[in-house]
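Mind docking chains B, P and V on chain G? Use the hints.
Number of protein chains: 4
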Amino acid sequence: MPLDTKGNARIMQIGFIGLGKMGGNMVRRLSKGGHECHIFSIDPAERAALATETGAVPADSVAALVAGMATPRTLWLMVPAGKITQSVIDELAPLLAAGDCIIDGGNSYFKDSVTRARALAPQGIAFVDCGTSGGLFGLERGYSLMIGGEDAAVSRNAPIFACLAPGIATAPRTPARDGGPIAPGEEGWLHCGPPGSGHYVKMIHNGIEYGMMQAFAEGFALFASAGSDAVPEEYRYKLDLAAIAEVWRRGSVVSSWLIDLGADALAEDPKLETFSPRVADSGEGRWTVIAGVEQGVSVPVIASSLFERFNSHDDTAVEARMLSALRAKFGGHKGVPPAS
Amino acid sequence: MPLDTKGNARIMQIGFIGLGKMGGNMVRRLSKGGHECHIFSIDPAERAALATETGAVPADSVAALVAGMATPRTLWLMVPAGKITQSVIDELAPLLAAGDCIIDGGNSYFKDSVTRARALAPQGIAFVDCGTSGGLFGLERGYSLMIGGEDAAVSRNAPIFACLAPGIATAPRTPARDGGPIAPGEEGWLHCGPPGSGHYVKMIHNGIEYGMMQAFAEGFALFASAGSDAVPEEYRYKLDLAAIAEVWRRGSVVSSWLIDLGADALAEDPKLETFSPRVADSGEGRWTVIAGVEQGVSVPVIASSLFERFNSHDDTAVEARMLSALRAKFGGHKGVPPAS
Amino acid sequence: MPLDTKGNARIMQIGFIGLGKMGGNMVRRLSKGGHECHIFSIDPAERAALATETGAVPADSVAALVAGMATPRTLWLMVPAGKITQSVIDELAPLLAAGDCIIDGGNSYFKDSVTRARALAPQGIAFVDCGTSGGLFGLERGYSLMIGGEDAAVSRNAPIFACLAPGIATAPRTPARDGGPIAPGEEGWLHCGPPGSGHYVKMIHNGIEYGMMQAFAEGFALFASAGSDAVPEEYRYKLDLAAIAEVWRRGSVVSSWLIDLGADALAEDPKLETFSPRVADSGEGRWTVIAGVEQGVSVPVIASSLFERFNSHDDTAVEARMLSALRAKFGGHKGVPPAS
Amino acid sequence: MPLDTKGNARIMQIGFIGLGKMGGNMVRRLSKGGHECHIFSIDPAERAALATETGAVPADSVAALVAGMATPRTLWLMVPAGKITQSVIDELAPLLAAGDCIIDGGNSYFKDSVTRARALAPQGIAFVDCGTSGGLFGLERGYSLMIGGEDAAVSRNAPIFACLAPGIATAPRTPARDGGPIAPGEEGWLHCGPPGSGHYVKMIHNGIEYGMMQAFAEGFALFASAGSDAVPEEYRYKLDLAAIAEVWRRGSVVSSWLIDLGADALAEDPKLETFSPRVADSGEGRWTVIAGVEQGVSVPVIASSLFERFNSHDDTAVEARMLSALRAKFGGHKGVPPAS
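Protein chains in written order, with our numbering: chain G, 1 to 340; chain B, 1 to 340; chain P, 1 to 340; chain V, 1 to 340.
For reference, chain G alone in the conformation it holds in the complex:
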């Protein structure tokens, strides 16, 4: 059986559906790794360009994609979570045979992944949920993969996961593991447990990500505020936010990939004026807070992070108006001494 370009894994054939920024880069990384990618997206130009660039085999339709592959097939979905994921699965399922495998690499809700795995099981189709972190940089940096599914399906696709993951060499080993056998996770991909567990772990990952981002955002908001005349005199410092982000990249406790990215953004735009004051929230932040509530686990930081995003795109301001209404009622208009 042929090995991949690293010489340590079987060459696999894989079908890829969804060739956006994430999916496209994953096909690039897999193709570089020697794997045979069959690709489909709804945009013919997109798939043609990617095929030309990577040598992947383009297909005109989902059916053609499936028909062009040898069994047992692995189909990787990299499409927006939610209705689209479901509709692609609905289209795929009748085309597949027992022994085939669908991997959902998007940010689907783990409860949906459990449902999907159960629905496909009677047909003998394995469903694997794979939380995929790394964003645009995954092409070079590799993707951190959190995988849920039955053992057999995960094992069979191990070469794919190993190729997409960064590999153990991309970071020094954890001291407590150094010298020991390679433990699960050290290559950058992890079989977390049964179906749903991959997306569950990825969901919490994103919840933590929300908290870390908000922590940085609060800190830099303090720095920006310190440069204004609106604060008490003892807090007035004209700080170079970009330089502070830079100094934290090396040696500090907060050193992280996020501060690397923050340093880059601030180097480009020191006042962040080109970035939107409205912050979208994806499903995973919301689901993590719901998980906290349903598990009975206190998650104040993740919840606060989510709520600050809600605040950033609240146009009605009913909450604030209600506060104003109450203040007006007990204290009269603005000129009143602040006794209440």
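It should be emphasised that the hints constitute simulated quantities derived from the structure, not laboratory data. Model, not experiment: these values are computed from the prediction. A portion of the hints provided could be inaccurate.
Some, not all, of what chain P presents toward chain V, calculated at C-beta under 8 Å [said to hold, decoys possible]:
(1) 52
(2) 137
(3) 224
(4) 275
(5) 323
(6) 325
Just so it is clear, CB atoms sit at the ideal spot from N, CA and C, and this is done for glycine as well.
This is chains B, P and V only, laid out in the frame that chain G set:
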């Protein structure tokens, strides 16, 4: 010694400095109670009108006010907390004699009140800090008074406090106290402890007030949102916010003076459109959070309430822009599938 | 048609299932109001005693209860929300006829109430969800009722709602409504909207209640802490918590039923030592946070309140241990200077 | 002038006071860098051992340390922030001459640093505040240094800062800076601004660190909870926390030094049972929240992180007892149906 109009307290002479919405109403209530008010404010028309209305004795200056009173004098300050309070005290102190008393009824920082009491003590001037709650409605409803100071000074001014306070009859007695002797606080005023303790208790009162207001604001924001098409279908209810506030006024666990006020505001303006989406914060909310931090006591609700007010008047949105910058860096622009 | 004891409403016949602390008191209040109550609970002694006390008609079974009533019947359920509610409805439904009505007065999830209304509709059975606030004191104070359901069913049962509610006379009218016609809600019960809306409004009510309770809890924790030697000297005041609660009952901005209850608890047990440091959370607090998340509305205070309850019964302390683990890793053991 | 072992900076003489885990390692790193360290700590054995190990010159007293150095001297303090820092400065100041410099490398409050700089200025002594991040690993990894002070003093000591800092080669350059001149901060040390600004930036750094740690702690608490029977069935996954930490080290958005440390702690103790459930808080977390309050900047995540630490060592549980008291009052004891 003459009794007040309730027949149960000595008639007092009191000097009042600051005749705004709070101070003016307090003079009205004291005058109705039979007390002899000497009044001063920087606005000659304001003091003349109030004198005409209430029979209070107006003075042209702080010095004239003091000169027109018999010793031992009590001077009540009802001026904006902060620099103005200090400057009035600085003006007053040299004019007073040992045995006189200054009562600060405003929302001063309790640490400042301790400093002031210490600074005036060598002169034999008593300093009493009196947290005053009740707002515009205090004239009819009475004021809840939280008082810090030496025993002698507080005792001597008890008739004033009793007149300003609502009195025990304004609410049914607490069951556990019913039939027993009247306990401290039941008349609506309380000698909390040494100087500073009155303003300390009032500070925490306002912190709690922030939390209660924010709790209501969040609830009504949910109701308003339920009326929009932006929420999942199962949450869509066209609710009558004013009617909900009304139904809670009687019998519910959240029945409170604040919901009474909220019901009034909503009856006037069911969509709250006339109320500002920017909510001012007074010092006391801020100081309560600092107290939590310095006492090592967890105050997440009071802190969140304060931060939501900060959010309501944040124009720079640096925090949100920083979040957007980080998202843009790892995930690319909006069209990217939400994997991160 | 006979009128109730207030002379302003039809006498109704009503079946009551669930005679615990809430249900029992409601039967007492309805019986006093002249309504004919048929009652059932699983505890024969309980229903017998209540029948003796109130003149209500006891039944040996749900079937007997239904058989003993005239059509169209109204059955009020006051049983623990969740599985029990569903099982009672499952038992009831086959016994009922078109035109009958089931009122769920418990704290059911509004989404379940929508489902139940839909499931019963084809049989012609009306389902009404009635959020009921007031707790143990409702017997005397009346209950605040938030009602969801079709117009006809709600109208037909108006006399029941009116009897259970406090009535307009129990509080002064809202100033903006004074002199006008009686608006919805002023009697203390409100038809909020279609099925589910009653429980939705009650859910939010309880979320607000959580926030208000937590605000008070934080304030009194600050007061208790101020009495200890663990705080900085300037914060040390030996405060009388019970007296403070008392003084706030009259005239203050935080005056509320909750502070009335707090004053009672503190009068009985000034250090609160007899009360558990573990606080249960009911479903409604959790559901309100989920509503915030799913509606995209920021609810930091309600969420914090819920999380503090979670904290109060967390025995594993994994969160804190993880923090300790991280600190230990970067900073060494406790003796290290706090540079990090 | 002799160069350091990297060949790119003057060899400096430096006096070091405080040889604990942080200070000792800094002397080791400076000695390795070729700098001449004169050292003092109150423990004679500690300074003797370090002198033997590093070749540093030990002194018997602060006075002897100062006397043994050539002017202009630089004295680096690495002692616990607060009273000890002040007492060392009080002892040092009379022994120093104009042109000498004191660097405070500890976690002092930036307001204190401003005061100290002002107090020493008339004597011609420069005061430099240097926030030092990196913990125990700084010896090998280098320290991230955030420096406040006058230009001349900071410039003169640049070789010291450069030696302690990690250096630009320890991380890839920020893309937006790549190819350009070396910007401030890229070497791992930054002159932030005038006196106080170094400790201000370090304070915020630690506030962010609190938020990031809490975000991870919440996530892992969710994972641990998912392994228990106490959660709804759909959340039950037996997860390998150590493996999850490991998989996030490479390629994920949350990759960071903190997750590296967390992976190490979990590899040693997968259930974290050896780590304390009580988490100390240093001054800087508290001060950051106060900064948020005083600057009027919303810092919900940093505040929540601090409050969770407070919760972890709260033995009185007054807050929770107050909640229980209120619940008991309106709802009766535990057996009551959860209607409220």
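Against the structure, the hints:
no.	hint	in the structure
1	52	22 Å, violated
2	137	7 Å, holds
3	224	4 Å, holds
4	275	4 Å, holds
5	323	4 Å, holds
6	325	4 Å, holds
In the structure shown, a violation is registered for the earlier hint numbered 1 alone.
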